[in-house]
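Visitor: Guided by the hints, dock chain B onto chain A, whose structure is given.
Given next are the chains, with one letter for each unit.
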Amino acid sequence: MAGKRESNFINMVSTLLVVSVVSAMALGSVYNMTKGPIELAKQKKTEAAIKMVVPAFERIETVKVKSALEADSLVFNRAYVGDSLVGVAVNTFTKKGFGGEIKLMAGFLPDGSIYDISVLEHKETPGLGDKMQASKSDWAQQFKGKNPANFSLKVKKDGGDVDAITAATISSRAYVDAVQRAYETYLQNKGGN
Amino acid sequence: MNQWKNFSKGLFKENPTLVLLLGMCPTLGVTTSAINGMGMGLATTFVLVMSNLVVSLVKNLIPDKVRIPAFIVIIASFVTVVELVMQGFMPALFEQLGLFIPLIVVNCIVLGRAEAFASKNGVFSSIIDGLGMGFGFTLSLTLLGAVRELLGSGAVFSVKVIQGDLMLVFVLAPGAFLALGYMIAIARKFNN
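Going line by line, the protein sequences match chains A and B. All residue numbers for the first sequence refer to the numbering used here, where the first residue is 1 and numbers rise by one. All residue numbers for the second sequence refer to the numbering used here, where the first residue is 1001 and numbers rise by one.
No wet-lab data here; the hints were simulated from the structure. Among the hints, a few may not be true.
Covered by chain A, per the in silico footprint, the following chain B stretches (three or more residues, Cβ under 8 Å) [said to hold, decoys possible]: (1) 1064 to 1073; (2) 1077 to 1089; (3) 1135 to 1141.
In silico lysine-lysine, PhoX-like type, Cα no more than 25 Å apart, as pairs [stated by the list, open to error]: (4) K103(A) x K154(A); (5) K51(A) x K156(A); (6) K154(A) x K66(A); (7) K1009(B) x K1189(B); (8) K1160(B) x K136(A); (9) K123(A) x K1160(B).
Away from chain A, derived, C-beta distances all over 10 Å, residues of chain B [said to hold, decoys possible]: (10) K1013; (11) F1046; (12) L1053; (13) L1061; (14) L1103; (15) C1108; (16) G1122; (17) S1125; (18) V1156; (19) V1161; (20) I1162; (21) G1181; (22) A1185; (23) N1191.
From the three backbone atoms N, C-alpha and C, an ideal C-beta is built for every residue, glycine too.
Chain A with its partners taken away, still in its complex shape (with noise of 0.2 Å):
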């Protein structure tokens, strides 16, 4: 291998760092051009979840609000028609998972009953806990038009009145975790402004 470099302490020096800074321009470079689509596909995403658990609106108001059950905060999205508020989104999440995080987007109307829901982020198994998904099966389905006042948020092996996805009661305790958890938050911070 003739005109190989030898392998002496400046050579190496001098190398490392040439590559390292070569690499490290094209990276700032790169990242400059992909933040705005990150940020918009980021954005969007969070939006066509809003849109689909609250009913049709014109503006939305975003707040964050302390959780009803820990020190944590939630993400309020209020939506508007006019003056009058036609339901409340609220980013909630719970950490029992069987995969760990679960997020939901859940969409309460004014009168505290649940108008849809929609799974952010999940890593639960697949073909099992992912069935939580509407685009997977219609088990979310039940918790349409219910209102948590009279519908218990347990799932029923737990005496409440939720089906759990079969062969999935951990994910499935998660998912109403994590729909309680918006829904008392909700309770708490409706009067409010």
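Guide: Relative to the frame of chain A, chain B by itself:
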């Protein structure tokens, strides 16, 4: 050297997944469906070709003793590029594969080809080698994904073929080992 040989050895005789058994972590992790396997395979192919290209260009400028860290930095940069571009322009695919994209860095195939092939061969041969290895990887991942998806949820590329509940174990981790084991056995039968 015959370029077709460079290309086809990645597909069959030295197929990274089925013969060399490299890169098992993404192989077992992402192949829950055919489309996931294909996405992962194509992302890896891109990284392989680019890193082979760059490594073969700079091979004489890099002193032997620091070649591995230099290669790793080059590979990691390309992986990050793939991650950012995918996140920005293919958010649906990124949601499925996001977790596994950074793992391409430690995929032995990429470093293995840089070390074993690109650092000893010309630019063109290295690109062909990267393409061959990448397609071999894509092919076996897609196949494995399709088999698992079919047996586990009765669908191929999300198109339902068999109705009803099937052998769920194939979508879970143990099914990956089972399906992969049978595929390796079949590949060995044909290669002999």
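Visitor: With reference to the structure, classify each hint as holding or not holding.
Guide: Going through the hints against the structure:
{"no.": "1", "hint": "1064 to 1073", "in the structure": "holds (count 6)"}
{"no.": "2", "hint": "1077 to 1089", "in the structure": "holds (count 8)"}
{"no.": "3", "hint": "1135 to 1141", "in the structure": "violated (count 0)"}
{"no.": "4", "hint": "K103(A) x K154(A)", "in the structure": "holds, 18 Å"}
{"no.": "5", "hint": "K51(A) x K156(A)", "in the structure": "violated, 30 Å"}
{"no.": "6", "hint": "K154(A) x K66(A)", "in the structure": "holds, 23 Å"}
{"no.": "7", "hint": "K1009(B) x K1189(B)", "in the structure": "holds, 16 Å"}
{"no.": "8", "hint": "K1160(B) x K136(A)", "in the structure": "holds, 12 Å"}
{"no.": "9", "hint": "K123(A) x K1160(B)", "in the structure": "holds, 23 Å"}
{"no.": "10", "hint": "K1013", "in the structure": "holds, 27 Å"}
{"no.": "11", "hint": "F1046", "in the structure": "holds, 13 Å"}
{"no.": "12", "hint": "L1053", "in the structure": "holds, 14 Å"}
{"no.": "13", "hint": "L1061", "in the structure": "violated, 6 Å"}
{"no.": "14", "hint": "L1103", "in the structure": "holds, 15 Å"}
{"no.": "15", "hint": "C1108", "in the structure": "holds, 21 Å"}
{"no.": "16", "hint": "G1122", "in the structure": "holds, 13 Å"}
{"no.": "17", "hint": "S1125", "in the structure": "holds, 16 Å"}
{"no.": "18", "hint": "V1156", "in the structure": "holds, 14 Å"}
{"no.": "19", "hint": "V1161", "in the structure": "holds, 15 Å"}
{"no.": "20", "hint": "I1162", "in the structure": "holds, 13 Å"}
{"no.": "21", "hint": "G1181", "in the structure": "holds, 20 Å"}
{"no.": "22", "hint": "A1185", "in the structure": "holds, 25 Å"}
{"no.": "23", "hint": "N1191", "in the structure": "holds, 31 Å"}
In summary, the structure is inconsistent with hints 3, 5 and 13 from the numbered list given earlier, while agreeing with the others.
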